[in-house]
Amino acid sequence: MTPRITEIWVYLSATPLLGLTLTLLAYQAAYWLYARSGMNPLANPVAIAVAIIVALLTLTGTPYATYFEGAQFVHFLLGPATVALAVPLYAQLPRLKQMLGPALVALLAGSVTAIVSAMAIGWTLGGSRETLLSLAPKSVTTPIAMGIAEKIGGLPSLTAVLVVTTGILGAVMARGLLNAFGCRDHAIRGFAVGVAAHGIGTARAFQVSETAGAFAALAMGLNGLTTALLLPLMIRFWS
Amino acid sequence: MIGALTLLLLYQLAGEVLVKLLALPLPGPVIGMALLFATLALRGGVSDELRNTANGLLQHLSLLFVPAGAGVMIHFARIGGEWPAILGALVASTALTLIVTALTLRLLLRGKERPPS
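Chains as they are written, first to last, in numbering that gives the first Met the number 0: chain L, 0 to 238; chain D, 0 to 116.
Certain hints may be false.
What the hints assert, rightly or not - Residues of chain D clear of chain L, computed beta-carbon distances all greater than 10 Å:
hint	residue
1	Met0
2	Gly2
3	Leu8
4	Val16
5	Lys19
6	Leu62
7	Gly79
8	Ala94
9	Leu95
10	Ile98
Claimed, not checked - Derived contacts from chain L toward chain D, CB cut-off under 8 Å, selection only:
hint	residue
11	Leu56
12	Leu58
13	Gly60
14	Thr130
15	Thr164
16	Gly223
Since the hints were derived computationally from the structure, they do not count as laboratory data. The structure presented is a predicted model; accordingly, all values stated were derived computationally and were not measured. All C-beta atoms, glycine included, are put in the ideal place defined by N, C-alpha and C.
Starting from the given sequences, assemble the full structure and let the hints guide the process.
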């Protein structure tokens with residue numbers, strides 16, 4: 000009996016099916032918990048799903064690369080989903096035109112704050128050069144951040160993890176922090192979350208309101224653009 | 000749905016081609032998003048099919064970050080060794096970025112709303 004099960008496991012663990020199914024199951028379990036908690040930002044579905052997957056992979060001794068062979072199909076959808084952000088963005092076009100100037104200034108302030116504060120705090124706390132360079136693009140959406148990290152000498156796969164963690168942190172902190180500063184306007188809240196916490200913040204913003212989501216999507220796209228242009232120049236200037 | 004998905008992939012493809020041709024410092028999907036946004040603004044509307052497909056994809060945007068997030072397991076050693084720097088930088092910098100962006104935008108919008116006297 001046991002050898003048969005081992006055989007089946009050996010066969011299954013070599014196909015992408017397992018990684019893909021595991022991703023969807025873990026996410027649905029995490030989302031169920033998130034919904035049960037009344038969409039409490041602390042029960043972030045990405046964090047819970049990642050914890051479930053990492054625990055299972057570690058327990059079964061499965062390498063991340065094997066898991067990713069299946070999970071890459073989900074990962075791939077980030078591309079078309081990024082393109083799809085144009086649709087909610089278009090729905091906010093009138094509001095967007097109204098506040099374009101202020102939004103661009105706030106974007107620049109936020110973008111520079113994200114880069115400089117991450118590197119300065121990391122450096123003060125003794126982070127290595129590679130870690131600091133991987134931290135610098137942490138507020139930008141995963142595919143852009145990985146591209147930037149590679150360009151400036153960071154570790155793209157570490158950057159991906161830091162980006163996802165930033166997104167989770169932003170999604171968790173945004174409500175309390177922005178309330179504390181009395182920011183009630185959903186457009187402003189969404190925009191700040193999009194600059195600081197990219198796609199995961201945007202996903203959270205969409206669950207709060209369509210306005211917040213659209214402005215988060217806008218900010219995420221613009222911050223990707225700004226950081227991609229700014230960061231390589233800043234690094235060249237420093238070194 | 001298939002039509003809308005094809006459209007999204009075509010815009011992504013166009014984005015990727017432009018990035019390669021012009022050596023742009025941005026990923027293809029972001030250029031694809033800008034192109035689709037420009038198209039919608041020029042046409043002045045979104046088809047129901049495209050709206051439904053886009054909303055379907057975006058409703059579970061968080062799912063798409065799970066595979067990259069699980070990559071944390073190959074960096075356990077580095078994170079274990081440098082966790083104060085990593086955690087401190089992520090928490091403080093994300094909070095600062097949220098506050099600076101929100102307050103800057105609010106300040107500028109307030110100035111705009113007030114009629115000049």
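Task: Consistency of the no-contact label for Gly2(D), given chain L and a CB cut of 10 Å - done: holds (13 Å)
- [ ] Examine each Cβ of chain L, and state whether all of them lie more than 10 Å from the Cβ of Lys19(D).
- [x] holds (13 Å)
- [ ] Report holds if the minimum CB distance from Leu95(D) to chain L is greater than 10 Å, and violated otherwise.
- [x] violated (5 Å)
Open item on the list: Over 10 Å from every CB of chain L: does Gly79(D) meet that, or does the non-interface label fail?
Closed with: Label holds. Min Cβ-Cβ 12 Å, cutoff 10 Å.
- [ ] Take a quick look at Ile98(D) and tell me if its Cβ sits farther than 10 Å from every Cβ on chain L, holds or violated.
- [x] violated (6 Å)
Open item on the list: Just to be careful: measuring from the Cβ of Leu58(L) to every Cβ in chain D, is the smallest value less than 8 Å?
Closed with: Nearest chain D Cβ about 12 Å off; hint violated.
Task: Interface hint outcome for Gly223(L) [beta carbon to chain D under 8 Å] - done: holds (5 Å)
Task: Assertion that Leu8(D) lies outside the chain L interface [Cβ separation over 10 Å] - done: violated (6 Å)
- [ ] Have a go at the Gly60(L) hint: is there a Cβ in chain D nearer than 8 Å to its own Cβ?
- [x] Nearest chain D Cβ about 12 Å off; hint violated.
Open item on the list: Beyond 10 Å on every Cβ pair: is that true for Val16(D) relative to chain L?
Closed with: holds (13 Å)
Task: Minimum beta-carbon distance criterion (8 Å), Thr130(L) to chain D - done: holds (5 Å)
TODO: Using Cβ atoms only, decide whether Leu56(L) comes closer than 8 Å to chain D, and label the hint accordingly.
DONE: holds (6 Å)
Of the numbered hints listed earlier, those contradicted by the structure are 3, 6, 8, 9, 10, 12, 13.
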